[in-house]
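Participant: With these hints in hand, go ahead and build the complete structure from the sequences.
This note's numbering puts the first residue of the sequence shown at 7, with every later residue one more than the last.
These are computed hints drawn from the structure, not numbers from a lab. Do not rely on the hints blindly, as some may be mistaken.
Stated by the list, open to error - Distance windows between CB atoms, simulated:
| id | residue 1 | residue 2 | range |
| --- | --- | --- | --- |
| 1 | Arg122 | Met25 | 39 to 45 Å |
| 2 | Arg64 | Pro128 | 21 to 27 Å |
| 3 | Gln144 | Pro123 | 32 to 38 Å |
| 4 | Arg18 | Gly121 | 32 to 38 Å |
| 5 | Glu135 | Pro72 | 32 to 38 Å |
| 6 | Val34 | Pro143 | 17 to 23 Å |
| 7 | Arg18 | Ala66 | 20 to 26 Å |
| 8 | Arg71 | Arg122 | 38 to 44 Å |
These figures come from a predicted structure and were not determined experimentally. Glycine included, C-beta positions come from ideal geometry on N, C-alpha and C.
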Amino acid sequence: MERVFRYPIEVRFRDLDAMGHVNNAVTVTYLEVARTRFWLSQFRDFAKEVDFPFVVARVAVNYRRPIRLHDTLEVELWVSHVGRSSFTITYRVWASGELAADGETVQVHYDYSQGRPQSFGPELRERLEGLLIAGEPQPSV
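Facilitator: See below:
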């Protein structure tokens, strides 16, 4: 099982702001798209009545260079921490081979019927810990 997930993103004209580069909020959407694809590739079998039993509790992004319309994008992500009821995903956004952004999100395992976080069950914890990467993996670009 590949622990670093990679997902290509196409920059659309509507992603640009008045300065001619991708708006900072759109970069967060790129992380969301990659995270959703990661979820579907790794955890679809944990979805019951709710498609995604996780809520995002924290988003942090460092913008390293502007992303332009002509850039070829790839989002890399991996699980960097597993807690009792939450886990952290770390990201790198590559634009035409250069680091354009990096960051992380914290996802909380959430019980929608109770309206509160819930601990990971043993099977989900084992799956998350199997994806865990301590430290930072080598760049793919």
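Participant: Would you mind marking each hint as holding or not holding in the structure?
Facilitator: Cross-check of the supplied hints:
1. Arg122 <-> Met25: 39 to 45 Å: holds (41 Å)
2. Arg64 <-> Pro128: 21 to 27 Å: holds (25 Å)
3. Gln144 <-> Pro123: 32 to 38 Å: About 33 Å separates the Cβ atoms of Gln144 and Pro123, which means 32 to 38 Å holds.
4. Arg18 <-> Gly121: 32 to 38 Å: holds (36 Å)
5. Glu135 <-> Pro72: 32 to 38 Å: This hint holds: roughly 37 Å between Cβ atoms.
6. Val34 <-> Pro143: 17 to 23 Å: Hint holds: Cβ distance 22 Å, inside 17 to 23 Å.
7. Arg18 <-> Ala66: 20 to 26 Å: holds (24 Å)
8. Arg71 <-> Arg122: 38 to 44 Å: For Arg122 against Arg71, whose Cβ atoms are near 40 Å apart, the range 38 to 44 Å holds.
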